[in-house]
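Engineer: Residues per chain are reported as follows:
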Amino acid sequence: MTHDDTRTIRIGSGQGFWGDDLEAPVRQVHDGPLDYLMMDYLAEVTMSIMQKQRSRRPEAGFARDFPPLMERIFEACVEKGVRVVTNAGGVNPEGCGAELVEAGRAAGVAGKARVGVVTGDGLMDRLDDLLEAGHELRHMETGEPLSTVRDRVQSANAYIGAGPIVEALEAGADVVVTGRSTDTALTYAPMMYEFGWSPDDHHRLAHGVVAGHINECGAQASGGNALVDWWTMPSMERVGFPLIEAHPDGSFVVTKHDGTGGRVSRPVVTEQLLYEMGDPSDYITPDVVADLTGLELEEVGPDRVRVTGVRGQPATDFLKVSIAYSDGYKAVGTLVYAWPDAAAKARSAERILRARLDRLGLTFDEIRCELVGWNATHGHLAGSPPADIPEVQFRFAVRSRDRDAVERFTREIAPLVLTGPPSVTGFAGGRPRAQEIMAFWPALLRKEAVRPHLNVEILEV
Amino acid sequence: MPTIQLVDLAHARSGDKGDTANVGVIAYDPRDWELLRETLTEERVKDHFGEMVKGEVERYELPNLHALNFMLHGALGGGGTVSLMTDAQGKVFSTALLRMEVEVSDEVARRARGRGRVPAEFDPAAPVEP
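Protein chains in written order, with the working numbering: chain A, 51 to 511; chain B, 1064 to 1193.
These are calculated hints, taken from the structure and not from any lab test.
Do not take every clue at face value.
[Stated by the list, open to error] Among chain A residues calculated to face chain B with C-beta under 8 Å, some are:
| id | residue |
| --- | --- |
| 1 | V95 |
| 2 | E191 |
| 3 | S285 |
| 4 | P317 |
| 5 | E321 |
| 6 | L324 |
| 7 | E326 |
| 8 | M327 |
| 9 | G344 |
| 10 | L410 |
| 11 | L412 |
| 12 | E416 |
| 13 | A426 |
| 14 | I487 |
| 15 | F490 |
Beta carbons are placed, not taken as given, at the ideal position from N, Cα and C, and that holds for glycine.
Generate the whole structure from the sequences, applying the supplied hints.
Structural biologist: Have a look at this one:
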């Protein structure tokens, strides 16, 4: 591998979450030049859903949309030399890799492609060993040790960095499938590989992290969900997903394919930079700590924003761990009240329902009533409901450790239609469903407890 | 001094981390960045949200982006999966902050009023061409 200092590597975003626009990766591959396609499938809640699916069916537990998607684009990727990096593997990267090989054969790339499978982020099987060895996995906010909820843990994974992805790319993988890699590593691992960055290239790596932060939410960086002048956002029906033109010095340009909809501008990119931001001088990843406070954005052409000025500090000795544990049940019931006096009717319904739950002797950890159309999103900041409000949706939610209490609640919404305030409708959806709550337990784990378990396997299609 | 809503001075984006919502506030016009810095103190923002934010408000500055980032602790009813809120992931705390009334000079009021709202002539049924 040569490291030519003038090269540009194009890393496109294809999915911002599991359930994102299925056509976006297809457009990224076909609508213009591209070297890498990154696809982020994992949110915190996704891992516990996948763990549940796998416990029912051992071959499940990954983003099952991904292999069929690859079947559509595999041939084009191989022909154009587009390599794919994704965390679609969820809690079963091996299973995902096996299906991917099948998808490749169906797509006609047998003998022409390799799949790299990264494993070792899963901690579920060795959680007790870790606890016994003195890793307490204390909750990052409350400080409580994991032992307090150990028997209710459903999934546990370490957020791993770019190392194994780079290794898979070095081994010639055309598609790299990981489990709980960080979202940002999917974008900066190809930069490390292509430009030969070392783990000590902190400033360059920190730029890569910011590029990853921009790519990881899909079209949110190219005009989707952007508040600034949203009514002027062009051709959103064929929105172009963001792509990063990366340079060996770390600087990069955010852009999208010519002729696609949406917009890549300074204000749009700024909005995405601030999404889920904490302390901007202390953006922690497994590979580097990035400082965004000196970051500069410059519009260097239509739909082209150049990013410079990110600083990096050495990474910490820890990986973040995402643990999901069962934490009771919840249910949400809704009804719609119509004019006249819609809000007054809904508030009466709230009082009546609370009193009925009380009389039934049911106790809940929390009860919350919102009137959608008035105060559901902005609370008291919405002021008083307009006297002539045409309608409101009554949204009543409960949460409890006691499943029976939540189940009983689900039978109390329908009766309100005939036993409460008038002009009520909108119960076509049926009885609310009691849902098990998967709560999150963020913790830190020393890197050496994970590193020896990381593994890269290369499969021939 | 005239009063305008923050929505005409800044745009915003929010997200979540556990039970904390963040709101990034970005000045439309770099000339208003100092005004935002002076006006949007942690105390003022905490006051604005009142009972909606149970914990502390922390503020960070991103001067090159003419932006402020607020962390609103204890805002999401326990966070993501536990929360009973419609906005369990804090997606629209951004616009809730933009409801704030801000005192500005006549000049700023004239320049900014209406900046953040959809123009009357906008037709949602018409395609938007580049």
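Engineer: So, as I understand it, the hint says L324 (chain A) touches chain B; can you test that by seeing if any CB pair is closer than 8 Å?
Structural biologist: holds, 3 Å
Engineer: So, L410 (chain A) near chain B? Judge it on the closest CB pair being under 8 Å.
Structural biologist: violated, 19 Å
Engineer: Would the hint on E416 (chain A) stand, with a C-beta cut-off of 8 Å toward chain B?
Structural biologist: holds, 6 Å
Engineer: Holds or violated: E321 (chain A) as interface residue toward chain B, Cβ cutoff 8 Å?
Structural biologist: holds, 4 Å
Engineer: Double-check E326 (chain A) for me: the hint is only fine if its C-beta lies closer than 8 Å to a C-beta in chain B.
Structural biologist: At about 3 Å, which falls below the 8 Å cut-off, the nearest Cβ of chain B leaves the hint on E326 (chain A) intact, so it holds.
Engineer: Answer holds if the nearest beta-carbon of chain B is closer than 8 Å to that of I487 (chain A); otherwise answer violated.
Structural biologist: With a closest approach of 6 Å, the I487 (chain A) hint holds.
Engineer: Hint validation: F490 (chain A) versus chain B, beta carbon distance must be below 8 Å. Holds or violated?
Structural biologist: This hint holds: F490 (chain A) lies near chain B, its Cβ roughly 7 Å from the closest one there, short of 8 Å.
Engineer: Take the shortest C-beta to C-beta distance between L412 (chain A) and chain B; is it under 8 Å?
Structural biologist: Nearest chain B Cβ about 15 Å off; hint violated.
Engineer: Is the shortest C-beta separation between E191 (chain A) and chain B less than 8 Å?
Structural biologist: At 6 Å from the nearest chain B Cβ, E191 (chain A) passes the 8 Å test, so the hint holds.
Engineer: Would the hint on V95 (chain A) stand, with a C-beta cut-off of 8 Å toward chain B?
Structural biologist: holds, 5 Å
Engineer: For the hint on P317 (chain A), does the least C-beta distance to chain B fall short of 8 Å?
Structural biologist: holds, 7 Å
Engineer: Does S285 (chain A) pass the interface check with chain B, least Cβ-Cβ distance below 8 Å?
Structural biologist: holds, 6 Å
Violated hints for the displayed structure, listed by number in ascending order: 10, 11.
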